[in-house]
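Each chain sits in its own coordinate frame; assemble them with the hints.
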Amino acid sequence: MNTDHSVIFQERKDQIHRKGEEPFEISCNKESLAGAVSQRACVFCGSRVVLYPIADALHLVHGPIGCAAYTWDIRGALSSGPELHRLSFSTDLQEKDVIFGGEEKLTRALVELIDRHSPNAAFVYSTCIVGIIGDDLESVCKRVSGEKGIPVIPVQSEGFKGNKREGYHAACNAMFRLIGTGDTTGISPLSVNILGDFNLAGEIWIIQEYYRRMGIETVANVTGDGRVDDLRRAHGAALNVVQCSGATMDLAKMMQEAFGIPFQRVSYFGVEDMAESLYAVARFFGDRDPGIMARTQALVKEELSILYPQLQKYRKALSGKKAAIYVGGAFKAFSLVKAFRLLGMQVVLVGSQTGTEEDYQELHEITDDGTIIVDDSNPLELSSFLKEKDVDVFVGGVKERPIAYKLGVGFCDHNHERKEPLEGFIGMLNFAKEIHASVVSPVWRFVPRKTAGRRG
Amino acid sequence: MKKSPAPYVSTTNACKLCKPMGACLAFRGIEGTVPFLHGSQGCATYMRRYIISHYREPMDIASSSLGEKHAVYGGEANLKQGLQNVMAKYGAGLIGIATTCLTETIGDDVPMIVRAFRKEMGEAVRSEAIPSLVNVATPSYSGTHMEGFQAAVRAVADQLADLRERTEAVNLMPGFVSPADLRYLKEILQDFGLKGIILPDLSETLDGPAAQDYEKIPPGGTPIQQIRNMGGSRATVELGRTLSKSATAGKLVEERFGVPLHGVGMPIGLRETDGFFQILEEIRGVPTPEKHRAERGRLIDAYVDGHKYVSEKRAVVYGEEDLVVGLTAFLVEIGIQPVLCASGGRSGHFREAIEEVTRDILPLTPLVREGVDFYELAEEAETLSPELLVGHSKGYHLAKRWNIPLVRVGFPIHDRFGGQRILHLGYRGAQHLLDRIVNALIEKKQADSPVGYGYI
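Going line by line, the protein sequences match chains A and B.
Each residue of the first sequence is one higher than the last, beginning at 37 in the working numbering.
Each residue of the second sequence is one higher than the last, beginning at -3 in the working numbering.
If you are wondering where the hints come from, they were derived from the structure by calculation, not from laboratory data.
Any given hint could turn out to be false.
Stretch-level coverage of chain A by chain B, calculated; a stretch enters the list once three of its residues show a Cβ under 8 Å from a Cβ in chain B [unchecked claim]:
| no. | region |
| --- | --- |
| 1 | 63 to 69 |
| 2 | 125 to 131 |
| 3 | 212 to 222 |
| 4 | 258 to 271 |
| 5 | 362 to 375 |
| 6 | 426 to 437 |
| 7 | 481 to 488 |
Have a look at the derived ranges for each label pair, beta carbon to beta carbon [claimed, not checked]:
| no. | chain 1 | residue 1 | chain 2 | residue 2 | range |
| --- | --- | --- | --- | --- | --- |
| 8 | B | 64 | A | 294 | 26 to 36 Å |
| 9 | A | 119 | B | 219 | 16 to 26 Å |
| 10 | A | 66 | B | 375 | 46 to 56 Å |
| 11 | B | 442 | A | 154 | 36 to 46 Å |
| 12 | B | 375 | A | 170 | 32 to 42 Å |
| 13 | B | 164 | A | 63 | 55 to 65 Å |
Glycine residues also receive a C-beta, built at the ideal position from the N, C-alpha and C atoms.
The shape of chain B in the complex, shown without the other chains (with noise of 0.2 Å):
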């Protein structure tokens, strides 16, 4: 396998985004929960901006909005009365509080800070009328989003998760995945007759409908009181496979309360939603549902209809690392080749997990670049003649240039509409990305070609 080139010191078109923003966005996936950042007031600005982009949903973040002088005495003050404001406007059930590089840097102890803030409330918070307050740790010098989402849903389970009363409930830590997918992991589950509790769920807060009030924080997200006995639940399931090689949610509430943790891949393609659905038929002692199983059928249907327009064609697959591992171990079960997969993120396992999804069918692991930005996969990709791209939108003037058509996944999609809308997960987020890989590949046939197909 080639080696690396060595790498620049300089950055080109990142491939990723920092610590906050994925905090910020679990965050919002927690039922009453308004996130919040101590740090300048930018920070969460541009952040909004991103999310809007995507979403086209309403993304409140609250900011300690640091000036000058909080950056030399320390944000204490205005970080105690942020929250005092946002519970005073929001009616906030919960305030995520994420650090940014700045609170980090200046060294404001956020957990102190909070403790200090519960006591001077003192009556207010024994009857419950103040939320709770979860705080993480997320300096943008370290990591990427994909840390910081993490990060989030793992200090909401080690600052709320109890164990109140066991439950046939089911923790689900589904990772960062579309309003859509989450919708549908919610469908399975009830359809194997089994209570989740999906941490976080962005469906509704980020994909909500038209409303006559502008909801301060908008309705949906994991239930507060369900993730204070997520101790209770009979088992936990957590997606990601460069994830479960780290120090998750679904641990600490394994080892805390001894919850049963299964890890499964990000389930995207055949192979690895078998195996979520492997996993699902264990805990509950049914096979899966008809329903289920007939859209794997189907699917496989597609799978041979499609094979001829999409077999053998070289695909550079990028992103967040244990979506590109999924759309990877997909890509490889329609007889694509992933000639580069790689990711602005940096867990150590990316290469790894790419290997355990592709050697059954590929004889040689694909290339696989970690920590990467678009400068360096554009170099590397160059020599691998690509015909077609996956990954989110920030690839696009690597499609332009090289003239192949770009599938949309992930986040962002900024130059599409329906992104919160993309299904990825399971049998039928299979066959949406299947449809729309070799639709992608017959208009580029049927626009480069003078003929004007009309049959193809």
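Here chain A stands alone, though its shape is the one from the complex (with noise of 0.2 Å):
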């Protein structure tokens, strides 16, 4: 079936390719279409989504209430201790406040919270409104900072400012101001900080533990399961070890600048990048530890002799089967598309809303000829792919739920809503699980897309 080329719009015509058909080419980092119903949030989403799993410390938005309300616990990151991070504060602004200004009502709300919660360190967000009313958030938070005697720290996250990215930055900006603040005494010549995972459904929990097995001492998460402290003394460890670029790489950047501390990309997705990573790190210890890399290739070994022998079942339903990707960060789609390969399946559509330049090359070069490569796109043209290409499944988030289930279409969430970890060599086999319980469903023979022609 072709793509109904009529939802495609002008404008967005060079934010799609297609392998194969022309030289590698794609428009991207661009301000949304207006109208064009794009998948993604804004900047201040991308400022809350990196710092809430920051559990001990106080997350006050400070705006309507909106904005607060749709990021109440919204990702699911988990803590092992403090879950200061899964309440939901706002200044709630109203309308005499956008007239008069929110300041004096942002540090009463500050200094209430603070003293109710006691917190470690308190964010606070600024939100579209708050940029154009011009409350100095800056100031606001330095006496509070001052009164109270924690680090109370702006994030420039007004959604207007751009996409998620602006955000990522935001973020990292406000987290930097923690980095270097703390007593890094005792932190062991074989350390790193984990940037870049979040904790959703426990995640960071099965990578620190992957490290420990290689005799690495994870310093701070950033973010998932993440305190204030551990943040402060970050800057003592020997490697920051980054995934998901587009959101913590900045952080990464300018730790190297200030303390320089060398930065190491890796992704715990799919089995080929999950163990390159490890062994990376390790390469990056050999000299401090010789015997690091036979502990990671015994680690592997033994993830991988547990782990293959359970995913041979799956393989063998799932082989040949057509996937599609759009996710956040491109990043991780690298990961998807190997992890998909890895099961036999064939990815032929993939994108992601805030992709840049290369991270596009990469996905070209990784692909398969007739792959779709797209950037910030839209429930019109993902509904339209998915036919043309006859997916069996597709991974994204909640708002591509809906789009694969109306067709018919199986569906992995990969972002949000999942509960069970799809990172390290586990995640590997829970999401050949999910993949497969999803494809293999007989729900499928029911739908419209299977029937039409079958009977009336």
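See the structure below:
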């Protein structure tokens, strides 16, 4: 079946590439087209998802109620201790605050909440309206910080100031203010900060355990199961391992510049990338600990010896099936392409909300001919591509789910609503199970897409 | 009666959503309509995600996707471009434009922009080739999603309703109720032999069948042609006791076209449903059809059968004001004690409405709190030893903390399946609610007991 080209906006044509049809070129990193129903969120969203897993900090959203309400415990980032991050705090700005300014309300709200919860730090998120009425967050935060004796940090995340990417940057700027303020005594020379994992479904604990088995200490989680004091001493780590590069790469770069800490890009999704990530870290520490590579190899071997036999049945059932991917950051898509390949599946569509040219270049390199590569897509395009490619399973987030289901296509939530870890070797198994559970379900035989023409 | 404690400055875990959200939901219930938010991209995306998690249905909301320069120079160009793009790709019959806090604060004059847009479209307008455009001001800093919902319904009536011919139809403004409720309301009207114009009607648009294609705009919703003749209907029925005290669509249609308005409570439980049926009897001049009288009889029978399980149980009820009023009316008639009736809304008529529906059964009005968040609600409720919560999903953390059942009603239901199919209204809805409440209490008793009761 052909794509209904009428759904594609003229202005968006160069944000869609079909591999093999023409030399690779894609336009990206643009403002979303008005009226196109982009799947993207805003700057505030970017900051909020990155910072919110810091569990012992107060996260106060300065704005009208919506921004806080829609992000209340939104991603299911788990904490092994305090759970202050799971509460939704807002200044709930009212009309009079908009007219007369919200600084006083913000000050009082901060004081009230800090007294009530004794957090180790507070983040104050700016929203669209705050950017317009011109509240001076910096000075309010400074004053309250002085009064309460904890870091109170403004996050410049006015929604309209770009897309999620700018929000990531604002979050990194905010975190960077904490780093370097703590005592680093006693940190092992074999130590890392884990950047870019948000501990959805407890994934960061799996990764920490791998590093522990390799003999590496984790200093700070950035930010899954994160703690303020860990961030303060994060500059004592020997290496930053950075996943989800869009979200925390800026912080890694800032830390490299300020503290000389090198970084290593990693991904914990899929077998190939997971193993290579551990090896890359082992190589980094090879000089300091000659035994580390052997330990890492043993770890990978052990995990694979458990994983592979279990994967076989899924691989057998899924081999030849077609998959589509649409995620927030393109980096995750790289690993997913490889993970699907491991299952014998073919990725026919891959896209992201905020990929860069380099990201799409890499996607182009690792995908097969005919694959559709798309930037900042929308429901009409995605549904049209799913039909054209006769996809068996779609990987995305909550907003992509009904697109798949309405068309009678399987689905895997790789974002907010996953409850089983998808990272690590065990994550690959969970991923295979979940893809399998959706693809082999008998329900698809009843959906109109499959029954059309068979009965009236 | 206990006076409200000194209000907190900050809001924690809001018990309300923002105004544009309500407008988008209302617009979704009109045939061929695309909801459109004039603001930054994030608002649309957050609301889509929030709505999709409840209904598990596509929810495309277009956005003018304003960026930084638009925040400075105004969003007119983007709004117009967005409208044009929605027209081009969605084939909308109506675009429902709601503002956001951003565009209200920068002072975009949306009615003026829409007028200019129409003028520019020139010929197309006259040939009705362009959709109707309805706009509503929904600054998030004043009022909740319910005010947004009602403002949108009123804006639709204001900008579309006319008197083309006198008909025997009845306008029914149901408020924000579930697709299951709406289907049942239609059935009731049909059984009375009444032609209803239900505004808005989410019954198909947010609970549609599996489809072969991704419907750009889901079928269903109030037909625009019917809205255009609402002024010709024989009567209007509007549900909601607090609503009836504000400027509603029903009042507008009454004032402008002389259509008599009947404001009744949300028909939840026996007495409020009796009131609703009585109005229908008056309008149609026939007694309630036997089918519904039989349902009423079975409901009373069930009240008797179930009363021992529920009698004198202490319940906290929360959510939208009119929903809570209806639920409270129902709970008191089955012998449950609503120890706290709470809402994030602040219409100013909540307490009065609760008094109206409880005074012939209870000697004292239950504790009523308006404009609360879940922090205040919990603080208040903790002193009242509740045994049952009745409300939406966002109170689950309290149910867990207090180890008491939560009977989920209203919106949002994010932690259970089938929220869109929960029936609240009428004799049948009361039956469902009763069954669920009795069973929740039985389940709790069974789970807490070491006996393992086989009969209960």
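Checked hints:
no. : hint                         : in the structure
1   : 63 to 69                     : holds (count 3)
2   : 125 to 131                   : holds (count 7)
3   : 212 to 222                   : violated (count 0)
4   : 258 to 271                   : violated (count 0)
5   : 362 to 375                   : violated (count 0)
6   : 426 to 437                   : holds (count 4)
7   : 481 to 488                   : holds (count 5)
8   : 64/B with 294/A: 26 to 36 Å  : 28 Å, holds
9   : 119/A with 219/B: 16 to 26 Å : 48 Å, violated
10  : 66/A with 375/B: 46 to 56 Å  : 47 Å, holds
11  : 442/B with 154/A: 36 to 46 Å : 40 Å, holds
12  : 375/B with 170/A: 32 to 42 Å : 34 Å, holds
13  : 164/B with 63/A: 55 to 65 Å  : 57 Å, holds
The structure fails to meet hints 3, 4, 5, 9 from the earlier list, while all remaining hints are met.
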